Structure formats: C-alpha cells, structure tokens
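Number of protein chains: 2
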Amino acid sequence: MAQQRSSCLAVALVLLFLASGVSPWAAAQMPRREPTPNDTLKSPEVLPDHRVTFRIYAPKASEVSVSGDWIAQGRGVGGKLEKDDKGVWSITVGPLVPDFYSYTLTVDGVRTIDPKNAMIKQGVASVDSMFEVPGEEAAFQALGPVPHGDIRIVWYQSKALDTMRSMHIYTPPGYESGKAKYPVFYLLHGGGDEDSGWSTIGRAGFILDNLLAAKKAKPMIVVMPNGSMPRPANAAPMMPGSPGAATANAATQDRFADELLNNVIPYVEKNYRVLANGENRAIAGLSMGGGQTLRIAPSNLDKFAYVGVWSSGVNQQMTADFEKRNAQFFESPDKTNKMLKLFWIGVGEKDQLANAGAKNLAELLKAHGITYEFHESEGGHTWINWRHYLSDYAQLLFR
Amino acid sequence: MAQQRSSCLAVALVLLFLASGVSPWAAAQMPRREPTPNDTLKSPEVLPDHRVTFRIYAPKASEVSVSGDWIAQGRGVGGKLEKDDKGVWSITVGPLVPDFYSYTLTVDGVRTIDPKNAMIKQGVASVDSMFEVPGEEAAFQALGPVPHGDIRIVWYQSKALDTMRSMHIYTPPGYESGKAKYPVFYLLHGGGDEDSGWSTIGRAGFILDNLLAAKKAKPMIVVMPNGSMPRPANAAPMMPGSPGAATANAATQDRFADELLNNVIPYVEKNYRVLANGENRAIAGLSMGGGQTLRIAPSNLDKFAYVGVWSSGVNQQMTADFEKRNAQFFESPDKTNKMLKLFWIGVGEKDQLANAGAKNLAELLKAHGITYEFHESEGGHTWINWRHYLSDYAQLLFR
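As they're listed, the protein sequences go chains A and B.
For what it's worth, this note's numbering labels the leading residue of the first sequence as 1, then goes sequentially.
For what it's worth, this note's numbering labels the leading residue of the second sequence as 1001, then goes sequentially.
Some hints here could point you the wrong way.
Claimed, not checked - Listed next, the in silico DMTMM-like pairs over lysine to aspartate or glutamate satisfying Cα-Cα at most 20 Å (straight line):
(1) A:K60 to B:E1082
(2) B:K1359 to B:E1376
(3) B:K1270 to B:D1258
(4) B:K1060 to A:D108
(5) A:K270 to B:D1150
(6) B:K1116 to A:E194
(7) A:K350 to A:E363
(8) B:K1060 to A:E63
(9) A:K335 to A:E279
(10) A:K86 to B:D1108
(11) A:K159 to A:D258
(12) A:K179 to B:E1269
(13) B:K1270 to A:D150
(14) B:K1060 to A:E82
(15) A:K83 to B:D1108
(16) B:K1181 to A:E176
(17) B:K1083 to A:D108
(18) A:K341 to A:D302
(19) B:K1181 to B:E1269
(20) A:K179 to B:E1176
(21) B:K1366 to B:E1323
(22) B:K1080 to A:D108
As the list claims (entries may be wrong) - A few chain A residues that don't get close to chain B, going by computed Cβ distances all over 12 Å:
(23) V77
(24) G78
(25) L261
(26) N277
(27) K303
(28) A327
(29) P333
(30) E349
(31) E363
(32) G369
(33) Y372
(34) D392
Simulated from the structure, these hints should not be mistaken for lab results.
All values derive from a computational prediction rather than experimental measurement.
In this text, a Cβ means the ideal position worked out from N, Cα and C, and glycines have one as well.
Throw the hints in and build the complete structure from the sequences for me.
Dropping the structure here:
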C-alpha cells in the first residue's frame, strides 16, 4: 500500500516535470529508494586553491585509485583514495597549475571514468574523464567571450579504406558568411586517439579562437583527420621486435599518407574555400602523428611549407633509413631551406618515449644544414604539452 | 637487473612504435606486467544471431549488472552478470532487433560505462555506452555509403544566459558548395541530455543522410540547440510538489523559449543560407523537448508551421492552464489549421511517463477541432522510438 502510494506520487511528479522542463529521469528516480551519499556527491571538485578532490561512492570496493596526466607532467601525484564510513572514497591532489587535465579511476582493478563527471575525452578504445582548473595559465585554451569558429564533423568516402570515414574541421570565425580563401593546417593526433581528440582534450578550436581574437595568428582552416589506421590486410603479423614488424608498420604509415594526400586533401580543397598550394599548407602531429608527419612531409615538401613534429622523432636505429627515404630533402639544403618555411620540433624534457628521438632528429637536420626550431618544454608525453605546442606553432604559420 | 633489462626492452619497442605508427601507450604497457584476461577481452560482442554478450574483468567485485534501453522498449532483459574463475563477468542478452542501444554496467553499486567500449553517448551529468546491432531494421539510421551532411559544433553568445553556448547544426550534402537556401528544422532533446545527444545516440545526421539519398525528405538544415537550462536566479526553490514548483519550472521553460526565439534562430538566420519564414521552419522535441515545443509553438504559430511532440504531452491537471495560455491557437481552428501544416504526436504504448499526457493532448486538440496526427508506437520512453519518430516526421516536412 505504501509502495503503491509512493509509486502514484512518482507518476504525478513525473508528469509535472515532463510538462515543465525538468528531466523526467531525474524525477522518476527521486522517490523510489532511500537517498544515498551518491545522490549529492560531487567529483571532481576544483578547490579555490587549485587542489582537486576526486570522490566516488563505492561502499563494497576494497581499493580505489586515481591516475591522471598531471603525474606524467611532473605536476603532482595520484594514488589511492580513502574510504569514509558512508562508502565514499576520496583523495585531494595538487594544487595543480591551471590547465585541462585527463584522468581515470580504478576501482578494484577496473579502469573507469568518473561516474559523476560528464566531461570526457574519447579514444579509439578507451574513454577518459577531464576537468579544468581555471586560471591565467589556462586562458589561452579556455572557452571565452570571443568570436568562435565552428568544428565540423565531416564524413567522406575513403578510397584507401573502402569505407566512410570522419574528420573534424575547424573553420575560423567569419568563414561562413565570408568569401575569402584560407590556408589549411593539417593537424594529426597520437596513437589511441581519433579525429575528435584535438577538439576535446586538445582544445584546438578554443586555442585558435583565442589566438585569432588577439590577432596572434592568421585566420586558417584546421583539418583534423582520423590517423588511426587499420593495418593493410597483406601486412605481416605484428610481433614487436620481429623482423617483419618495421615493414608492417611502415605499410600502415604509408596507408595513412595515401589517405591524407589522395583523399583528405582533395576533399578539403574541393569543398572548402582554401588556398591550395604548398605555401598555404601546414602539417603537424604529436607522437604517432609526429611519426606520420615525418613519413609524409620531407618527401612532399612541395605540398607542405610548414612542418611540426611534437613528442616524436627519429631514433638512432632508424636514422639511416630516414636519410635514405628522404635523400632529396637532404641533398640540397639551400633548396630545402627555401621551400621549408618552418620545421618546428617540440618535446618534453621528461618524455621518456620521445625525448631522445626528437633530439636525434634535431641533430640529423643540423648535420645536413636544414633550418629548424627545437623547443624543449617541461613535463612528459602529455596533452598538457601538445596544447601549448599548437598555440606556439599556429602563431608562426602562413606569415 | 632483470627489471632494468625489461625496461630497456620497453624503451626500444616504444621507439620503434613511435617511429612507425602504432600507439606508444599500447606498446609501453606491453612488456611491463603479466597479461590478464582483460587484455584481450571484448565487450560488447554482437553475435551473428543478434544476441549480445557483455563482459567486464572485475576479479574483486561481488556483483555486476547491466541495464539498457532495450529493457524499457520491451525487447529483452538485462540483469546480473556471472563471474568465471578468471575474474571475467559476463551475460548474454537477446536476440535484439537490429538497432542502436545504450547501456551501463553497475559494479558493486557503482554505475560505469563499459571500459572496453569507446562508443559513448554524453549527457549533462552522465555518460552511457552504446552499441549497434546491424541489420535491415537499423538501415535507416546506419552509416552508409551515401552522401553525408556535416554536423557542426557551433558556439554563440547567449544573451539569455550571458555565456557562450553550443549547438549542433546539420547541413545537408551539397550545402557547402551550393548556393540554395534551405528550410530549417529545430530539433530538441530531452532532460539530462545536451546538444550532442541527437548527433550521437539520436543518429540525426545519418537518418537525414539516408532519407535524402532515398529522396524521402526535402533537403533541410537541422538545428539542435542545448535545451538544458540553468534555472533563473530569481526562480523559487525547486521542491517537487510545492506550490512554487510549477511556476519555477515554467520560468525555466520560458528561459529556453527566449533563448531559441531571440538567440538561436537569429544566429542561424544571420549565418546560414535559410528560408526565414514560418512555412520553412519546423520544430519538434522529445520528452522535456516536447514540453518546450508545447510551450513555444502554439503561441508562435507564425514562426513554426510544423510541430512535433514526442513522448510528451499535457497532463490533465495542466489542461486548463495550457488552453488559457494558448487561447489564440484554440479560438479559431480554421485559421490555426490553415497556418499549421502538421501537428505530429508520437508516444510509446509502454511509456509510463508520457503516454497519458500525449493522449490527453490529442484529445484536447480534437475537442478544439485542430488537425493532428497521433502515432502510438511499441515500447517506452527511449531513443529507440525517438529515432523512428525523427525519420517519420522529417519525411513530412516542407512539402
């Protein structure tokens, strides 16, 4: 009887909410059970002093931990959460430098996003949670009251893959109502990510909006294709360290080169108002995307006058192969330097994956007399660095 | 010593992958620990007979369950997963009708997305996992080899909220390179969702692409604003059932009406090539968005000739108030029927939240001599129904 009355109340409340604009789901769940600490739990909570508290309601769990990209950047620690007597686990980290951060929770060995946080970053095979610590240091990438370009999700027919494929394209403020033609920047993500990465955790649209509002960059279109390629069907099996692995990986990389040069660029140049020549094309990529940039740009210098290689490089064992593949790029440095408006290398000093390879690449360019810029930043192999590289690099383009 | 050797091997492998295009993260994690069942675990797995297996590695958990929208639709059950001796929990449900489905897992009381599934649907305060059971019944919403429109994420300055706000806008194939002007369909989401919902779980772009390729709909722009509004600062506190609640909710709803009529529509008509008159504007919304549609459209009939109300309605207690607010709409049915090209109501027969309200709305229109269509579908208050309503309704627009 009590249950029936409570159920009628629920229906009445729901109808009220339905008619009036509040979530019927939230309403529907209200009167059906006893409240728990989870109902009002907030996570993450960014405190005024820039410390951050993570909380999760998991009364039955025996171990909960948090890990995030501020750790690899050397900005703080993560670790085990502590449980209170109501079943809420929590930890406070920081203070953190104002920035955007990504993290995941691990509950009894299961990696999960923060159930209380809807701000997410999507990868090919995983999802992370995100948060912002607002402040002056993060202003260059913040959503502000400035004119905003659009981010477009564009589906096109990929001949290389024989399937529909998506890319994200940023068009600057004024593109829609104007008639001007724009230069194009092809911006590549890293391994495990896809074409949405630069627009979510990468903040590419907001970074460009802020640069343009401050007149620190030229208006440009930014094309962010999907660089995660299925390996060709005829490629050798992938066994790390096996003789066939390097060959198979090169085939995968060439598949992306084919996709970019013969599908993505022609699509963009057919459908957008662009300046379609090498001096008005830039390319840059991080990590795997830096490897793709190195595979594509030096051997297609007529197509890209601006080259950015971030948190990537050429390791010593690959040096000879890289020189051989790019003989034309290296053989006449004067000619190369004339065509190449910018070769910009960025890497974190704590980046164990890429620091040595980036430095080796710089040495290699130096030895051949190719002009480049080398920027070593703090921290590691993180989006924290890549957003700064984008902001720094974009200011130098198409000048 | 052994640890050091293994760490060197890791670095060497990572450099190889970095140079060659495979995720350095995946590579970096390879040699550092013993493999677990989680490494190769697949979830969800859609079986050839349309049953679906969910799996999660959670060796320490004591209870895991799955819940999804096929349950509310009456297409099957969810429930508890069973644990094997390796710590992998699993359950097989279905067979399910080919469609897109959303679900979440609950591990020892903690609601989470499926850690092995990167296909997600984002809400205001929560994230769900998604999967597709491919097949003929789902073809109308599938990603196919047809021309595709773009989905644009557009930021604009909201005067009503004094903040930047985003909306999603679908432009049909050919918009970018053409010169024609298009009619505009304003498509509203439900409570708990935001402006991305119709483009992810709602499949709006793909549904329109498929209709256009089959010449079953007129080319149109579809504008999907964010309908989740913060309540006005001066609104009464929200206590369900309290005398002030209905007033406070009406104020929130009017805030959205203001946003749509005075910010969103002017922005769209300034920046896009649109036919800017009532005969070329449609509006529709689901659940909370249906309530918003009812708040906006009948009192602005000169602005919207096509009206869709999905899984929403007017409950009996609100009938008198609704009639009073819309006296002009009801007082001269001939005039109203002449301006109104379509009033389309859709609701699921098992929709406990909205079925009665939708039927009451239909009765009300009938009693006043207003022409409408009433469509009762199978199932409940789910995206499964809303995608079908969109496909059915869009075919009738701008004829």
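Assess, step by step, whether the Cα of B:K1080 is no farther than 20 Å from the Cα of A:D108, and give holds or violated.
-> Cα-Cα ~18 Å, so holds.
Status of the stated non-contact between A:Y372 and chain B (beta carbon gap over 12 Å) | holds, 18 Å
20 Å limit on alpha-carbon distance, applied to hinted pair A:K350 and A:E363 | Holds, at roughly 19 Å.
Does A:N277 sit more than 12 Å from chain B, CB to CB?
-> holds, 20 Å
Holds or violated: A:K270 to B:D1150, with C-alpha atoms at most 20 Å apart | OK: A:K270 and B:D1150 at ~15 Å, within 20 Å.
Restraint status (C-alpha distance of B:K1060 to A:E82 at most 20 Å) = holds, 17 Å
No chain B beta carbon within 12 Å of A:P333's | A:P333 clear of chain B: closest Cβ-Cβ about 23 Å, beyond 12 Å.
Interface-negative label, A:K303 against chain B, beta-carbon threshold 12 Å | holds, 19 Å
Regarding the pair A:K159 and A:D258, is the alpha-carbon distance no greater than 20 Å?
-> This hinted pair holds, its Cα atoms lying about 9 Å apart.
Holds or violated: is the Cβ of A:E363 farther than 12 Å from all Cβ atoms of chain B?
-> Answer for A:E363: holds, closest chain B Cβ roughly 15 Å.
20 Å limit on alpha-carbon distance, applied to hinted pair B:K1181 and A:E176 | Roughly 14 Å separates the two Cα atoms, so the pair holds.
Is A:K83 within 20 Å of B:D1108, Cα to Cα?
-> holds, 15 Å
Checked against the numbered hints above, the structure breaks none of them.
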